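Fit chain B to the known structure of chain A by using the hints.
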Amino acid sequence: MTNPTSNVAYETHEHDVLVIGAGGAGLRAAIEASALGLKVGLVCKSLLGKAHTVMAEGGCAASMGYVDSADGWKTHFKDTMHGGKFLNNFRMAQLHAQEAPERIRELERWGAVFDRTPDGKISQRPFGGHTYRRLCHVGDHTGLEIIRTLQDKGVHSGLDVYMEATITDLLKDGDRVSGAFGYWRESGRFVVFKAKAVILATGGIGRAYKITSNSWEYSGDGDAMAYRAGAELMDMEFIQFHPTGMVWPNGVRGLLVTEAVRGEGGRLYNALGERFMEKVDPKRMELSTRDIVSKAINKEVKEGRGSPHGGVFLDISHRGAEYILKKLPGMYRQLLEFADVDITKGPMEIGPTTHYTMGGVRVEAESTMTKVPGLFAAGEVAAGMHGANRLGGNSLSDLLVFGRRAGLGAYEYIKANNPSTNLSEEVIAAAAKRVTKCFDSDSGENPYTIHKELQDMMQAKVGIVRTEAELHEAIEALKGFRARVANVSVTGSRQFNPGWHLAIELENMLTCAEAVARCALQRTESRGGHTREDHPEYHPHWSTVNSVASQDQDGSMNVGEIPLLPMPEELKALCEGEVGIPKPAA
Amino acid sequence: MACSHPTNAPHPKANSASTTIKGGTKAVAEGTVATFSVYRGTAESGEMKTYQVPVAEGMVVLDAVHHMQANDAPDLAARWNCKAAKCGSCSAEINGKPSLMCKTRMDALPLDEPITITPMKAFPVLKDLVTDVSWNYRVNERITPFTPKSDDTDNWTLYQEDVERVQEFRKCIECFLCQDVCHVIRNHDKKNDFYGPRFMVRLASLDMHPLDTVDRLQAIKEEAGVGFCNITKCCTEVCPEHIHITDNAIIPLKERVADRYFDPIGKLKGALGLNKSRK
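Residue numbers (this note's numbering), protein chains in the order written: chain A, 1 to 586; chain B, 1001 to 1279.
Isolated chain A, as found in the complex:
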């Protein structure tokens, strides 16, 4: 229909709950909300089943205790808090540790087929920062197993799935969220969703960086839309650089080498053949946490002990071809086919790659609701669960635990408030204008050029190791990027036009990039996924606060800090002592 006042044509769909993003968190949220009797719409930017969850390799952490019977939620909680350097929302870490095993059992009931122990239970493998062998897995393609299981469950749950639709703005009725505006990728036509509650499950912001294991979808849409709608972004300075991305050959640069390679016994060497992790974390060695391993690799390279292409060596060949083919079949094939590297015979050349966004939208632990009534966030787009550094394997379990809780939270919210869903035609018209103005500009730049330069800048100035001077330069540079993006030109039609899609996403990437840079500048210490060369140690003040960024009335970004939630004594007691070291893979 064409609205006479705004002259913007769009179709409208009405749901109780709109879920934006169809990875693990979005699917799990949609399944839960639907099971509670709500009418659910699920929007995916890609085809169903292609979301980033599919790339998760190593496993899903849950203290089933099938391999190490001493494991339990309390140890998982402790490991997660230590891994997050105690900036985690303790309540999220607690709920996650307590509920992850049931989420795994539920997946099994829905048809997931995990690798088995010799006595017929789910097998669990060791991973960095986990005291016990804890990661339920399927070879090295656990994410695929989980997303396919949820997808197949979802299609029989009565969901309305909108594939290849991109949401560009959240819509509000007063203070509450009441829907969302977007377009069909295929036709470029606009679509408006009316909803009593909206769940964001849009993943992270890794496309703002040059060397990344993230797909094009990771442009921080959820973070930026929530920010514009009045929610807070928290802990944005904490970016996980996964230690083992391929650095060579160029065609696979950034390609992720699963942590399972180290979980299964892989060793790291510098150019001198030294196992340099001995100097850094002699107890846990290669199974130290990701932040520590990444920084250690960075140091080796900086001090001239790197591999020929600026990384270090990762070697699993001592485990033998038969074992590697069984436990890491995807990795073996992928590297042989993509890179001519036979991991059963020799080492890989690896280095840190942008992998995961610990920060995101600030949420309340139980319900996952943001500061904006009716707006929920789960999975990578939400902050708090992982603190300053995420443990491998805690992402898949996070998606399941908090995806379910988001569906439940939306249900409770709707039941308690029965919110109205009035939408403003003016706001819809403005949302349409914002995303189409790039077609009117013919003097601006190609979005691809701006994107590439943004990635180079973020990699160089807001990367693994940061300084005050470089962060100032980055913030200054972002102002320039903002002006260029405001004037970006797009050619062609609105029908499946990737240049147009990128032009819209660039604005979201800029918002996220600015939040990362400003929070990184504010935090004058080094912790987890945030390293300051000029402030290399922990600082007592910064161990008591989270960073927050929110939008000011005039559109500028406010950055500040908020005290951590006080942790109850009995949970503090659980965190005492060091994190244990897992036994080798069975």
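Hints in this document: simulated from the structure, not taken from any laboratory.
Predicted, not measured: the structure shown is a model, and the values here were computed from it.
Watch out, some of these pointers could steer you wrong.
Computed beta-carbon distance windows for the label pairs [stated by the list, open to error]:
#1 A:Gly37 x B:Asn1155: 28 to 36 Å
#2 B:Ser1045 x A:Thr449: 29 to 37 Å
#3 B:Glu1030 x A:Leu564: 51 to 59 Å
A virtual CB, placed ideally from N, CA and C, is assigned to each residue, including glycine.
Coordinates of chain B only, in the frame set by chain A:
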């Protein structure tokens, strides 16, 4: 039986059902420029357009498409997500061969003639390299989901050897290349009669799950149309996950159907109500 199509596949076949794997071996000389001929257009009208792309070591065809988008054709429509052969989005036909663009290395292609990239032929073109694959999703919805004997998973005992064949099928990344290459769908457009290799694999993963309780043979025979497959194994050849689609999924399903419906003793048992789906 040999796979006789698609045509124009001058480069060595991608890894087939065997476990031998070889990467590309030719080094590409510095400064080499590849010529691509890419389908641009919609279902109604379109043409092959030419693009020049500098070749870098280790480059794949998807890198070349990204280069075209960034430099020459910002509105060139192509699907991709992971660029690591894990999501199955970037399916297309490269020199006529159904392939993942992220997995096809430039050094495995002859560079002395233009490399053609066309959309999957078995599905309607939406724009450029993007096709309408929604039929596959509709087929998937028709399959009865996994229905276990009990919900008490703590007391489930499943040995690795019991689940191994199901795990092989569950490696499918839904790239739909097997659907694209299948004669029944590609040449005869029997989409109403045959679910295609992808969903034979899914049906097999359910039928062979040790704890599934649904008798699926009737559906496999009738709605899914397993009989339409004439075992040319083209699907197996193009599968980027190296799933033995024909040997391990389709042929066993055909045998189960034959045992039930065409074997005289099976038919008798059926008449007496003694049949159970073999697990």
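How the hints compare with the structure:
{"no.": "1", "hint": "A:Gly37 x B:Asn1155: 28 to 36 Å", "in the structure": "30 Å, holds"}
{"no.": "2", "hint": "B:Ser1045 x A:Thr449: 29 to 37 Å", "in the structure": "30 Å, holds"}
{"no.": "3", "hint": "B:Glu1030 x A:Leu564: 51 to 59 Å", "in the structure": "54 Å, holds"}
Checked against the numbered hints given earlier, this structure breaks none of them.
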